[in-house]
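Turn these sequences into a full structure, and let the hints guide you.
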Amino acid sequence: MPDQPENPSDVDLVRLAQEGDMRAFEELVARHRDKVYSRAWSMMRNEDEALDLSQDAWVKGWQRLGQFQGDSSFVTWMTRIVINLCLDELRRLKRKRAESLEAMEEEPGGVEGHIPDLAAPNPTEGLERAEARARINRALAQLSPEHRMALILHEFEQMEYKEIAKKMKCSVGTVMSRLFYARRHLASLLAGFRRENRE
Amino acid sequence: MKPELELKLQAWLDGELPAAEAEQARRLAAAEPEAARLAAELQAIKTALLNSEEIVAVPETREFYWSKIERQIQRESVDRPLLGPSWTERFRRWLAPLAGAAALAAVLLVALNQFRPQQTAFNQVSGMADDYTPRTFRDNPSGINFVVFQANPQPSAVSAGAQPVRTRNDGSSFLIEKE
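First to last, the protein sequences are chains A and B. All residue numbers for the first sequence refer to my numbering, where the first residue is 1 and numbers rise by one. All residue numbers for the second sequence refer to my numbering, where the first residue is 1 and numbers rise by one.
Read the hints as simulated data drawn from the structure, not as lab findings. Be careful, since some hints might not be right.
The list that follows gives simulated cross-link-like pairs (lysine to aspartate or glutamate, EDC-like), each with its CA atoms no further than 16 angstroms apart [what the hints assert, rightly or not]:
| id | chain 1 | residue 1 | chain 2 | residue 2 |
| --- | --- | --- | --- | --- |
| 1 | A | K35 | B | E60 |
| 2 | A | K60 | B | D14 |
| 3 | A | K35 | A | D21 |
| 4 | A | K60 | A | E89 |
| 5 | A | K60 | A | E47 |
| 6 | A | K35 | B | E53 |
| 7 | A | K60 | A | E26 |
| 8 | A | K35 | A | E19 |
| 9 | B | K68 | A | E89 |
| 10 | B | K46 | A | D88 |
| 11 | B | K46 | A | E160 |
| 12 | B | K68 | B | E34 |
| 13 | B | K46 | A | E155 |
| 14 | A | K169 | A | D88 |
| 15 | B | K46 | B | E16 |
| 16 | A | K60 | B | E70 |
| 17 | B | K68 | A | D56 |
| 18 | B | K46 | A | E157 |
| 19 | A | K167 | A | E125 |
| 20 | A | K35 | A | E47 |
| 21 | A | K35 | A | E157 |
| 22 | B | K68 | A | D52 |
| 23 | A | K167 | A | D88 |
| 24 | A | K162 | B | E16 |
| 25 | B | K68 | A | E27 |
| 26 | A | K167 | A | E155 |
| 27 | B | K46 | B | E76 |
| 28 | B | K2 | B | E53 |
| 29 | A | K162 | B | D14 |
| 30 | A | K35 | B | E76 |
| 31 | A | K94 | A | E49 |
| 32 | A | K35 | A | E6 |
| 33 | B | K68 | A | D48 |
| 34 | B | K68 | A | E49 |
| 35 | A | K169 | A | E89 |
| 36 | A | K166 | A | D88 |
The following block contains the structure:
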């Protein structure tokens with residue numbers, strides 16, 4: 001990285017990397033690797049897959065740097081790349097496993113029909129922040145990949161229904177249904193954890 | 001509660017409804033206890049998820065994590081160089097205007113050709129034979145020669161070996177040659 005300031009911004013590093021400076025790119029990886037890995041991990045719930053996919057995302061990021069126009073932050077751009085890779089991988093896994101459960105989940109009266117009555121509001125109320133996070137994390141892990149994905153894209157990536165539908169290659173109605181049942185399932189799981197703790 | 005109403009309540013909480021429908025959903029949540037309970041549960045989950053995402057650290061050292069990325073980049077760069085703007089982008093920037101200009105030029109050429117008067121000029125090239133007076137006309141653009149045999153005023157037999165001709169009602173005959 002020739003003649004660069006002591007603490008260059010992402011914009012400076014991206015510009016250098018776009019000129020072929022791999023050390024600048026390495027610095028970008030070092031800065032944002034946890035964020036990109038976290039997104040892969042939250043979607044895949046598997047350490048090895050998350051590692052592979054996050055690294056693939058960085059390789060793709062390098063190859064497509066010329067297309068980065070700075071419309072969003074660099075880390076947002078990288079996050080979108082890893083999300084796309086995770087979605088592709090989940091689709092591939094789904095085809096491979098031919099999950100019959102997924103078809104049931106989308107039908108009225110299927111698995112989702114067994115969600116219990118409305119849980120008490122504020123399922124994490126009164127919990128320490130770390131404990132609340134841990135419980136949410138545990139509950140998210142128990143959702144189906146499709147439900148978890150819809151929730152992550154909506155709540156963590158702040159995507160609108162239309163955008164999620166495009167990413168997940170499904171209809172807006174399916175997105176709404178997935179989000180609804182994901183939330184209801186999550187509420188039910190969190191209420192269950194609360195009961196477990198009381199007993 | 002009907003599934004459509006449940007999804008509408010959710011869409012209201014997610015800010016995905018237009019103003020008029022959002023007002024309907026708000027009224028529903030205010031008027032019906034079941035709708036109110038559902039809205040409260042969905043809202044509670046939204047609140048719980050807010051800022052609840054954990055940043056998980058990469059379970060590898062910086063050097064090891066990077067080394068795998070670097071190796072992959074080097075391996076793939078042998079096959080393909082760094083990507084610049086995508087081809088669709090390049091097309092939009094350069095090729096699309098050029099293609100548009102070319103298309104316009106083609107349309108203009110065709111239009112001009114359509115309205116240009118057809119120049120099918122037949123010029124007499126030669127004349128021969130005793131009983132008939134052949135006249136040859138040439139259409140240069142199409143490369144066709146028209147040979148018209150006009151019977152002479154004093155009729156006589158067509159000499160042996162003469163080219164077969166077609167006779168028109170007016171007594172003239174013609175032969176068409178294509179080069």
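Run the distance test for B/K2 versus B/E53: straight-line Cα separation, threshold 16 angstroms. 32 angstroms, violated
Is A/K60 close enough to B/D14, meaning Cα to Cα at most 16 angstroms? 33 angstroms, violated
Pair hint A/K162 and B/E16, alpha-carbon separation not exceeding 16 angstroms: 10 angstroms, holds
Is the straight-line distance between the alpha-carbon of B/K46 and that of B/E16 16 angstroms or less? Cα-Cα ~14 angstroms, so holds.
Holds or violated: B/K46 and A/E155, Cα atoms, limit 16 angstroms. Distance of about 7 angstroms is within 16 angstroms: holds.
Sort out whether B/E60 lies within 16 angstroms of A/K35, counting only the CA atoms. Satisfied, since the Cα-Cα distance of roughly 14 angstroms is no more than 16 angstroms.
Please verify whether A/K35 and B/E53 have alpha carbons no more than 16 angstroms apart. 11 angstroms, holds
Pair hint outcome, A/K60 versus A/E89 [Cα-Cα no greater than 16 angstroms]: 15 angstroms, holds
Measure nothing beyond the straight line between the CA atoms of A/K35 and A/E6; if it is 16 angstroms or shorter, mark the hint as holding. 23 angstroms, violated
Between the alpha carbons of A/K35 and A/D21, is the straight-line distance 16 angstroms or under? 22 angstroms, violated
Proposed proximity, A/E26 with A/K60 (alpha carbon, max 16 angstroms): With Cα atoms ~14 angstroms apart, A/K60 and A/E26 stay inside 16 angstroms; holds.
Holds or violated: A/K35 and A/E19, Cα atoms, limit 16 angstroms. 24 angstroms, violated
Going down the numbered hints, you'll see the structure goes against 2, 3, 5, 8, 9, 10, 12, 19, 27, 28, 30 and 32, while the others check out.
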